[in-house]
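Heads up: the sequence lines are chains Y and D, in that order.
Here the numbering used here is used: the first residue of the first sequence is 554, the next is one more, and so on.
Here the numbering used here is used: the first residue of the second sequence is 6, the next is one more, and so on.
Bear in mind the hints are in silico, worked out from the structure with no lab data behind them.
No experiment lies behind these values; they were computed from the predicted model shown.
Treat the hints loosely; a few may be bogus.
To be verified - One side of the interface only, derived from the structure: several residues of chain D facing chain Y at Cβ under 7 angstroms:
# : residue
1 : 9
2 : 18
3 : 23
4 : 43
5 : 50
6 : 66
7 : 68
8 : 70
Every residue, glycine too, gets a C-beta built ideally from N, C-alpha and C.
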Amino acid sequence: METFLGFERPDGSAGIRNHVAVIPSVACANGVVAAIARAVPQVVPLYHGHGCGRAVENAMHTRVLANLGRHPNVSAVLVVGLGCEMIKAEGLAAQIALSQKPVAHLEIQQLGGTRRATAQGIEIVTGLLADAARLERRPLPLDRIRLGLECGGSDAFSGLTANPGVGRVSDWLVDRGGTVILTEDTEMIGTSHILQRRACNPEVAGRIGAMVAEAEQLTDDLLGPLAAYVIAPGNMDGGMSSIQEKSLGCIVKSGSRPITQVVEYGQVPDAKGVVLMDGPGYDTESMTGLAAAGCQAMLFTTGRGTPVGYPIVPVIKVASTSTLYRHMEDDMDVDAGVVLDGTPLDTLGRSIQQLLARVLDGEPTKAEVNRQEGIVCMYTLHPAF
Amino acid sequence: MASQLITVHDQDNVAVAPRDFKKGENLQRPGGPALVALTDIPRGHKVALADLAAQAPIVKYGEVIGRAKEAIRPGEWVHTHNLMPVEKE
Numbered sequence: 554m555e556t557f558l559g560f561e562r563p564d565g566s567a568g569i570r571n572h573v574a575v576i577p578s579v580a581c582a583n584g585v586v587a588a589i590a591r592a593v594p595q596v597v598p599l600y601h602g603h604g605c606g607r608a609v610e611n612a613m614h615t616r617v618l619a620n621l622g623r624h625p626n627v628s629a630v631l632v633v634g635l636g637c638e639m640i641k642a643e644g645l646a647a648q649i650a651l652s653q654k655p656v657a658h659l660e661i662q663q664l665g666g667t668r669r670a671t672a673q674g675i676e677i678v679t680g681l682l683a684d685a686a687r688l689e690r691r692p693l694p695l696d697r698i699r700l701g702l703e704c705g706g707s708d709a710f711s712g713l714t715a716n717p718g719v720g721r722v723s724d725w726l727v728d729r730g731g732t733v734i735l736t737e738d739t740e741m742i743g744t745s746h747i748l749q750r751r752a753c754n755p756e757v758a759g760r761i762g763a764m765v766a767e768a769e770q771l772t773d774d775l776l777g778p779l780a781a782y783v784i785a786p787g788n789m790d791g792g793m794s795s796i797q798e799k800s801l802g803c804i805v806k807s808g809s810r811p812i813t814q815v816v817e818y819g820q821v822p823d824a825k826g827v828v829l830m831d832g833p834g835y836d837t838e839s840m841t842g843l844a845a846a847g848c849q850a851m852l853f854t855t856g857r858g859t860p861v862g863y864p865i866v867p868v869i870k871v872a873s874t875s876t877l878y879r880h881m882e883d884d885m886d887v888d889a890g891v892v893l894d895g896t897p898l899d900t901l902g903r904s905i906q907q908l909l910a911r912v913l914d915g916e917p918t919k920a921e922v923n924r925q926e927g928i929v930c931m932y933t934l935h936p937a938f
Numbered sequence: 006m007a008s009q010l011i012t013v014h015d016q017d018n019v020a021v022a023p024r025d026f027k028k029g030e031n032l033q034r035p036g037g038p039a040l041v042a043l044t045d046i047p048r049g050h051k052v053a054l055a056d057l058a059a060q061a062p063i064v065k066y067g068e069v070i071g072r073a074k075e076a077i078r079p080g081e082w083v084h085t086h087n088l089m090p091v092e093k094e
């Protein structure tokens, strides 16, 4: 069995990083989280803009935040709450503690303000970091890996070089018992019948059909006559002749193996193999869904060039052309443009896979080197109240 | 300068131009006979690899991406002028 060097967690999951995360339960706690992170820069703050003022999204946002805390790359967690918010620190900490990892929480109102909350937070994370530092990597089977697939700022060559190259890696990982998660429903429009043919059973096929139909309806409802333009003009100029052609260029990231499950945004799949996740095409929100679903690493293809990473998940950037690779070499890990000079896709796939193997073992990606951690962007459906 | 056409899947009957081609230029494809560009073909656009009858499926990624509006000859540019989108299933 092929292995990688990872951190085994008490729940049996396998981390490829060993972060101590500080999670605000609500946006009002971001300032205290930032103060803790300034004092103890080894922690990873998961800033976000939610946690209160919403009805419909509460369950989804709670699931996402809890799953980020339970993420295999996270060794221990401090949850910082305000006190009067809807998503409470104590409840969130209790959900994260189901993974049996060390979890602490504090509330700013109860402790009497920013300074006292920060001081207590610093004390807690100092202890958590000392415990985390004692954990060591050891060989673990590749079937514990979930790989997130993402594209952002695509160009006419994304679907020809970077995405099919990533598809080779998807097949490689799935053949070793691992999991890949394809998301961004809007980029599946027009290819429902093709994805459904890959479904492992009729129930999964039905869920694929419903998910893509809903994405198409939502695009029409929100954009009306402009919906076609989400898909059209730039793509058409670039050589795309139909919606099927454009979407095939996106879904080719998932390789060719059977689709075993369809999950909600930020839901951890039970199945291994190729999983589809319901989620938006907006890459920063999509990446949060993939991280919450437990992806330990992401392959992110780009044609225009985007530097974004993710706080707790190494993101490997695959540039669709050599021009982009050279232009943004600081941010790009792989030059898929070599395919345009005659390098076979299988050769590109192997080099991405070899880089992925090194990243699983601990080699930092460009986004990690650049500290492209940003904030946790979460999907929403309705306005706040 | 790259002149090799790019194919994504073995069953595809179209390939993609890695750069702009002028009418009359020789096009190379891996494992297949050379083609002559019958039209200008812009970078990133498709070129037919085989004779495609009117209504014939146009295949890329091993899947049908549209049908030929009219007969298309090998070496001809394939785009919205001669490709009909397939109807929604």
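Taking the hints in turn, this is what the structure says about them:
no.: 1; hint: 9; in the structure: holds, 5 angstroms
no.: 2; hint: 18; in the structure: violated, 13 angstroms
no.: 3; hint: 23; in the structure: holds, 4 angstroms
no.: 4; hint: 43; in the structure: violated, 17 angstroms
no.: 5; hint: 50; in the structure: holds, 4 angstroms
no.: 6; hint: 66; in the structure: holds, 4 angstroms
no.: 7; hint: 68; in the structure: holds, 5 angstroms
no.: 8; hint: 70; in the structure: holds, 4 angstroms
Checked against the numbered hints above, the structure breaks hints 2 and 4 and satisfies the rest.
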